[in-house]
Amino acid sequence: MTAIFKREMESYFNSITGYIFLSVIYLFGGIFLWVTSLYMGNGDISGVFASLLIIVLLLIPILTMRLISEELKQKTDQALFTAPIHMSSIVFGKYLSALVMYIIGISITWVYALVFSIYTKPDWASITGNFVGLLLVGAALISIGLFVSSTTESQIVAAVASYVLCILIMLIDGIAEFFSNSFLYDVLKSLSFSQHYKNFTLGIINATDTIFFLSVCAIFIILTIRSLDKKKWN
Amino acid sequence: MIKVKNLYKSYSDKEVLKGINFTVNNGEVLGFLGPNGAGKSTTMNIITGYISSTSGTVTIDGIDIIKEPIKAKKMIGYLPEKPPLYMDMTVKSYLGFMFDLKKIKIDKKSHIENVCEIVGISDVYNRTIKKLSKGYKQRVGIAQALLGEPKVIILDEPTVGLDPKQVISIRNLIKNLSYNHTIILSSHILSEIQAVCDRVVVINDGKVVADGSAEDISKEASGVITLKLQVDGDKNTVFNAINDIEGIIDIDSEREVDTQVCEYIVKYYKDNDIRRDVFKKLAEVNCPIIEMYSSSPSLEDVFLMLTEKDDVRSNKDVNYNEPEKASKMGDENNDSNI
Chain A
1 MTAIFKREME
11 SYFNSITGYI
21 FLSVIYLFGG
31 IFLWVTSLYM
41 GNGDISGVFA
51 SLLIIVLLLI
61 PILTMRLISE
71 ELKQKTDQAL
81 FTAPIHMSSI
91 VFGKYLSALV
101 MYIIGISITW
111 VYALVFSIYT
121 KPDWASITGN
131 FVGLLLVGAA
141 LISIGLFVSS
151 TTESQIVAAV
161 ASYVLCILIM
171 LIDGIAEFFS
181 NSFLYDVLKS
191 LSFSQHYKNF
201 TLGIINATDT
211 IFFLSVCAIF
221 IILTIRSLDK
231 KKWN
Chain B
1 MIKVKNLYKS
11 YSDKEVLKGI
21 NFTVNNGEVL
31 GFLGPNGAGK
41 STTMNIITGY
51 ISSTSGTVTI
61 DGIDIIKEPI
71 KAKKMIGYLP
81 EKPPLYMDMT
91 VKSYLGFMFD
101 LKKIKIDKKS
111 HIENVCEIVG
121 ISDVYNRTIK
131 KLSKGYKQRV
141 GIAQALLGEP
151 KVIILDEPTV
161 GLDPKQVISI
171 RNLIKNLSYN
181 HTIILSSHIL
191 SEIQAVCDRV
201 VVINDGKVVA
211 DGSAEDISKE
221 ASGVITLKLQ
231 VDGDKNTVFN
241 AINDIEGIID
251 IDSEREVDTQ
261 VCEYIVKYYK
271 DNDIRRDVFK
281 KLAEVNCPII
291 EMYSSSPSLE
301 DVFLMLTEKD
311 DVRSNKDVNY
321 NEPEKASKMG
331 DENNDSNI
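Those protein sequence lines, which keep their order, are chains A and B.
By the numbering used here, the letter at position 195 of the first sequence is numbered 195, and the numbering carries on one by one without gaps.
By the numbering used here, the letter at position 28 of the second sequence is numbered 28, and the numbering carries on one by one without gaps.
One should not assume that every hint holds.
Said to hold, decoys possible - DSSO-like cross-link-like pairs, simulated, lysine-lysine; straight-line CA separation at most 30 Å: (1) B/Lys71 with A/Lys231; (2) A/Lys231 with B/Lys14; (3) A/Lys75 with B/Lys228; (4) A/Lys73 with B/Lys131; (5) B/Lys175 with B/Lys228; (6) B/Lys82 with A/Lys6; (7) B/Lys134 with A/Lys232; (8) B/Lys5 with A/Lys232; (9) B/Lys18 with A/Lys231; (10) B/Lys165 with A/Lys75; (11) A/Lys6 with B/Lys109; (12) B/Lys103 with A/Lys230; (13) A/Lys75 with B/Lys207; (14) B/Lys92 with A/Lys6; (15) A/Lys73 with B/Lys270; (16) B/Lys270 with A/Lys230; (17) A/Lys232 with B/Lys130; (18) B/Lys3 with B/Lys207; (19) A/Lys73 with B/Lys228; (20) A/Lys121 with A/Lys230; (21) B/Lys74 with B/Lys5; (22) B/Lys134 with A/Lys75; (23) A/Lys6 with B/Lys131.
Source of the hints: derived by calculation from the structure; they are not laboratory data.
Construct all of the structure, not just a fragment, from the sequences and the given hints.
This is the structure in structure tokens:
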């Protein structure tokens with residue numbers, strides 16, 4: 001797992017992907033900080049998190065699209081799958097690399113908070129809640145992107161399919177409004193990322209919401225392992 | 001060392017392997033020969049654990065690749081048809097990555113340097129892989145297969161696409177490796193297999209069609225004689241007359257030489273001379289022979305014969321692997337690139 005993780009991290013910084021991902025997050029993070037806090041003259045940076053979520057939603061498919069599909073296309077998966085390691089180590093290594101890149105990206109919010117703490121007294125509970133929420137949403141979206149990447153050899157297909165899936169999942173509570181059946185409505189609402197994310201924005205780190213996002217991560221990581229195993233058996 | 005038993009593989013409705021059986025002994029260099037699409041790469045991918053078989057078993061030193069994949073894979077170094085190289089990495093970082101991936105427990109730096117020395121890539125050690133020539137890329141692929149000193153090395157068409165100089169150099173490298181490793185080498189180049197392999201398994205249409213030393217297979221297959229005939233008469237009459245003769249493997253009409261005169265190619269076993277019978281039968285149907293001469297097949301013919309789609313031999317109940325039926329090859333110096 002360590003070897004795969006190191007290789008993936010190296011690959012992010014050897015290619016333009018890692019730099020684009022971080023630059024866009026930092027650029028928009030700065031813009032949102034200016035618009036929601038500095039320009040308005042308040043010390044609350046929770047608006048940055050809410051806005052950053054949209055950017056994260058657009059960037060995560062770029063981060064995950066090549067993770068496995070590129071290996072399948074270039075046939076380098078032959079080196080991975082014939083090495084004396086478990087499939088789970090390969091998948092975890094790749095997942096962790098994308099997650100660490102993501103954490104490096106969103107950690108800029110702590111820099112904002114620390115700088116603000118010089119001039120004002122930030123609401124640390126809200127900042128921590130927002131950060132954990134953003135982290136968990138991102139972690140879940142990365143697992144979805146990783147799974148999609150394992151199903152195709154095309155990076156473009158992987159990216160587009162991830163976009164569609166991520167947006168659908170984020171908008172699922174909006175879709176729920178169209179259903180008059182209360183059971184379906186409740187099921188869709190309970191699957192909604194936005195609903196589970198809401199509490200974090202208020203600074204509440206709730207076990208149910210945390211478990212929800214961790215479960216999504218676990219399910220899609222297992223699905224990725226199964227998807228790669230299936231390729232072997234087909 | 002390697003036992004492949006009753007291997008079947010199907011992709012949706014297409015059966016690619018139809019019961020492959022062979023063994024590779026310790027320290028042996030086995031050539032895996034067959035035309036494109038015969039099932040060579042599929043077999044190798046199953047042996048290395050990259051894909052699974054539909055049924056059948058593969059054991060490496062007694063360890064089943066499906067039941068104990070980690071243990072079995074530790075003993076294998078694999079160079080697939082397309083070397084699994086990360087183009088953005090340098091040779092040094094790539095081999096370092098493969099070393100870590102294989103969880104090798106020996107001194108990393110000295111081992112990688114040693115492998116680079118063996119394979120002859122020390123001079124490009126710090127270069128990015130995408131900037132290397134095809135020959136060097138192939139060598140880097142072989143280097144990653146050698147990491148961890150595996151007992152078994154499996155090379156899938158290692159010289160494909162290389163220039164003659166590079167081909168010779170890779171062959172020499174394989175020869176040197178054969179002193180310390182059990183090797184399976186796949187190729188569709190007959191001369192390559194002959195140059196480096198102790199034993200040859202010929203595979204065609206998902207089945208093993210010959211198994212033995214290159215020399216034995218040539219000798220055995222050379223028991224087939226090609227008879228060229230020019231006969232004056234109706235084609236159907238000629239075919240019907242010859243077809244009943246015992247010992248004929250195949251009859252084909254090649255071209256019309258003249259009005260009514262056609263050339264036929266008849267194949268038969270050396271120990272069953274049919275020429276007199278052919279003469280008599282054609283005389284009976286009043287089709288005079290204008291010309292008749294026989295020849296032994298070239299090595300290229302041997303390969304083509306073994307890899308024919310319609311396996312005539314099975315219809316005639318003849319086993320190429322029986323040495324007593326073999327006779328000396330007519331032209332053993334014919335190296336063929338098929």
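Hints, one by one, checked against the model:
no.: 1; hint: B/Lys71 with A/Lys231; verdict: holds, 21 Å
no.: 2; hint: A/Lys231 with B/Lys14; verdict: holds, 16 Å
no.: 3; hint: A/Lys75 with B/Lys228; verdict: violated, 48 Å
no.: 4; hint: A/Lys73 with B/Lys131; verdict: holds, 20 Å
no.: 5; hint: B/Lys175 with B/Lys228; verdict: violated, 41 Å
no.: 6; hint: B/Lys82 with A/Lys6; verdict: holds, 24 Å
no.: 7; hint: B/Lys134 with A/Lys232; verdict: holds, 28 Å
no.: 8; hint: B/Lys5 with A/Lys232; verdict: holds, 19 Å
no.: 9; hint: B/Lys18 with A/Lys231; verdict: holds, 20 Å
no.: 10; hint: B/Lys165 with A/Lys75; verdict: holds, 27 Å
no.: 11; hint: A/Lys6 with B/Lys109; verdict: holds, 18 Å
no.: 12; hint: B/Lys103 with A/Lys230; verdict: holds, 25 Å
no.: 13; hint: A/Lys75 with B/Lys207; verdict: holds, 26 Å
no.: 14; hint: B/Lys92 with A/Lys6; verdict: holds, 14 Å
no.: 15; hint: A/Lys73 with B/Lys270; verdict: violated, 50 Å
no.: 16; hint: B/Lys270 with A/Lys230; verdict: violated, 51 Å
no.: 17; hint: A/Lys232 with B/Lys130; verdict: holds, 28 Å
no.: 18; hint: B/Lys3 with B/Lys207; verdict: holds, 16 Å
no.: 19; hint: A/Lys73 with B/Lys228; verdict: violated, 50 Å
no.: 20; hint: A/Lys121 with A/Lys230; verdict: violated, 53 Å
no.: 21; hint: B/Lys74 with B/Lys5; verdict: holds, 21 Å
no.: 22; hint: B/Lys134 with A/Lys75; verdict: holds, 16 Å
no.: 23; hint: A/Lys6 with B/Lys131; verdict: holds, 22 Å
Violation of the numbered hints given earlier is confined to hints 3, 5, 15, 16, 19, 20; the remaining hints are satisfied by the structure.
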